[in-house]
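Following the hints, position chains B and C against chain A.
Chains as they are written, first to last, in the numbering used here: chain A, 1 to 121; chain B, 1 to 135; chain C, 1 to 764.
Please note: incorrect hints may appear among the correct ones.
Claimed, not checked - Distance windows between CB atoms, simulated:
no.: 1; chain 1: B; residue 1: P15; chain 2: C; residue 2: S670; range: 53 to 59 Å
no.: 2; chain 1: C; residue 1: R155; chain 2: B; residue 2: L95; range: 54 to 60 Å
no.: 3; chain 1: A; residue 1: P58; chain 2: C; residue 2: K757; range: 47 to 53 Å
no.: 4; chain 1: C; residue 1: L159; chain 2: B; residue 2: E134; range: 41 to 47 Å
no.: 5; chain 1: C; residue 1: G576; chain 2: B; residue 2: T8; range: 55 to 61 Å
Treat the hints as calculated values from the structure; they're not laboratory data. All C-beta atoms in this analysis are idealised placements derived from N, C-alpha and C, irrespective of residue type, glycine included.
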Amino acid sequence: MESVLAVVIGGLYAAGLYLMVRRSIVKMVFGLALLGNAANLLIFTVGRLTRGRPPYVPPGGTEPLLPVADPLPQALILTAIVIGFGVQAFALVLIKRVYQTVGTDDLDVMTTTDTDSRSSG
Amino acid sequence: MQSLLLATAVRLLLPLLLLFSLFLLLRGHNEPGGGFVGGLVAAAAFVLHALAHGVAGARRVLRVEPRQLVAAGLLTALASGVLSLTLGLPFLTGLWSTLPVPVIGHAGTPLLFDAGVYLVVAGMALMIVFSLMEE
Amino acid sequence: MIVAVLSGFGAALAAPFLHRRLPRWSGWVCALVPLMLFGFFAAQGGEVAAGHTIRAAYEWIPSLGVDFSFSLDGLSLLFALLITGIGVLVVAYASSYLHGHHHLGRFYGLILAFMAAMLGTVLAGDLITLFVFWELTGLCSYLLIGFDHGREAARKAALQALLVTCAGGLALLAGFILLGEGAGSLDLAALLTRGDAVRSHPLYVPILALVLLGAFTKSAQFPFHFWLPGAMEAPTPVSAYLHSATMVKLGIYLLARLSPVLGGTDAWFWSVTLAGGITMVAGGVMALIRSDLKQILAYSTVSALGTLTLLLGLHTPRAATAAMVFLLVHALYKSALFLAAGAVDHGAGTRDLARMGGLARAMPWVALGAGLAALSMAGVAPLAGFIAKELLYEAKLQAPLAAEFVTGAGFVANALTVAVAVMVGYLPFHGRERDTSLHHHRVESLLWLPPLLPALMGLVVGIVPGLTGRWLVAPAVAAVRGVPVPVDLALWHGVNPVFLLGVATVAAGVGIASVRGALLRRLPAGSGPGWGPERGYGLLIDGMLGLARWQTRLLQNGRLRYYLMTVVGAAVFLMGVAILRSGEIPRQLPRPDGGIHEWLAAGVILAGALTAATTTSRLAAVAGLGTVGYGVALVYILYGAPDLAMTQFCIETLSIVLFVLVLYRLPRFSLLSTPGGRVRDLLVAFSVGGFMTVLVLLAVSQTLVPHISTYFLEQSLPAGHGRNVVNVILVDFRALDTLGEITVLAVAALGVYGLMKGRGEGGG
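Next comes chain A alone, as it looks inside the complex (with noise of 0.2 Å):
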């Protein structure tokens, strides 16, 4: 099953890749969102799979029975899941307001920091 996820895995890394490298400013953030996968699975499948054997203790035992999945690559994409969504927040607002004041979806329009005459409060 690794391959095939290793297949997966290239795909979106090459869509999310391909959407970041856009010039319209609105496909860098689907861009964003699908690296954001693409990393956490890489992270998953490079840490085994193990199919359907969560790392619990079951009861009455002390240690979960092996083989079971590894823990720790869980734990890492867990909280970076709930982190790539702030991070996606924070980029679909801030390009909203990117929109908003220079008033165009261009990334090459944006290249100097100086505001001219088409922004707007």
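Okay, now just chains B and C, sitting in the frame of chain A:
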């Protein structure tokens, strides 16, 4: 946006979802769940309410500002770590009561920490969504 | 003693406030600090002269053997007295010279901080302590040279001085660390007993080279001398204090301090003597052809520093004695001359030698001070300079190698010094007025007294040299040599070769001075050499800025996609090279296995990603993104991560709400790129994607060493009291990480909140 069906359903769903989120938080140490998921479910409950009744309505039901939730959560998590400092143990050392507590099993500072996570996550999601919906 | 060092820093902090409160008295109060310190160090004189070393130490970084320690021996005492004594004069002088300057309070603060840093350097008993204070003096020097930061020339000179001395400082640090390794201790006292071990150490030559680099840059030795004349952009009190009497002597101090450890080898003799000799002669020549009073003094200081370096290079007892006496004498006459030059500048409004003459009538006391100092500089009896010059010649004649050569160079340099003495001590004050347009007025007592005092001191030392010799010079020489050396200073030794050499020197010097005018007319006007070390410095700085500009243009082109491609490309390239070199390229793909669910999840994810990447509809892109998210959640469920799956579902739902809320306020997708650009982007995207696939396959084909995870799995219930291992990691084992992460969440939320609510103010 105001659909009668949704509005009525949400009135029922909100307390149920909140209860479920608390359940997720409390049992998270032993079963799937925890502060992150719990907080997200709680936030989702209020977002649903806001979608049905508007943000002003959801804020009324929430009573406190989402910002205050975030602050309270951070302070709770911090306090759970400081507690062990006062006993001369390293910051964030888990302390556990020896007596079993019904429902949860054991009570300890990691649970308090998780409650802080719950509050921060819920507050964060609500801050973001509410401020976007109010525009 | 630590209090003595640190009190200067305390006073420096207080000085600006003091000046704001009591602008009238602040100068006096600030002068009191060095005065008290001078008294303190003078009071230690008896004990030091008896051969004791006073020490105070605190552990600083015990694991590295670094102490915060100070020790006071003869050499340190000589410097400490010079630093504090001239400090008193300079602070008092500055209160008049810079009267009414709106940053005078800051000036007091800086000069006191500098004094404290100097004291720290010369009293340091540990190499690292020494280095820290050494760099502090460089920093203070930077701030003081650039004191008039409104002028570009001042800023440039300050930066030049900082860059040159700090480059040397870095070399010095490296040298100190190597030295500490070689000797096995960073403690100076211990170091001094291990000279043999250091000199026979395989790293001796690098150590010597690095330490010399530090000393030569600080003491403006050729070819690093050029920053010192540039530093004359500083206010004159600063020039008198830092750039003639004290800071530039730190290099000399270091050479003297370490000469028992590093000195006495052929490498030491040739490098130090040669650098000193070239500097000595070149400085004299340069001084002769300048016409700005401060520039002349600056180059003559360079020449004097060269002389001192040369003496230390000779490494004989006589040379050490001569160096210590000359150090003292030079500090006295040069500070007097600098302060007199400042008074002239203040009173007559010019520093141009060609425009001055007959100033003695307007400022008799300044003329007297400058005259006495110039006589000492020229080495005329009965001033202290005479004693110094006799010792200089004696030491040079006794040089262990190349004595004729050293003496000859010394004769040239000394004759030039005499000529310069005539130029700065006689020409401005006597003769007819050159430029009647100058309106010169009398100067106040605080401007003429400070130059006069050290000049008079020179006279006193010259007349009664024995006391100075016993109390001040002998302990210093003992510290330089490592053993007590008999020092008997006397004014009159009778008519001997040394005396005759001295007489010839004065005659030659006066001769040079009298033909200087004619010589200068031969030179093409305004000609400075278009080459030399300063030009090299300029080229280096320009080259560096050019390089920076070029690579900024290359990398910071303002287009995000090129940044991204650079970063991604570099990462892929580096990892690719590493993979190829490891030779572990997967030859055959593992057979795809898994049931219908897995294939379904993979298909869903890829379809969603494809939709998001190619659609022209925003809503379809959101749907695609959501599909990817739910598909990933499905993978989490299948492979034993229910917590992740739940979180992913919730987040995905909230994300969709978020996108829908924002999306209809955002522009539609616009097609901005050219077809060619899209093909290129596709190629980049697919090659990176393919690379990631290879990376994953490679990673999963390695054997995993799950130490940490095993620990977490075993300890979850016993230590963490929880059956959900993921949750136990998050809230117990790695709770500090989680605390950081929820802080990030709070910050992100605040950022969104600020961007949404903060309109109006930002204007945008």
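Checklist entry - Hint by hint, which ones does the structure fall short of? => result As far as the earlier hints go, 1, 4 are violated by this structure, in ascending order.
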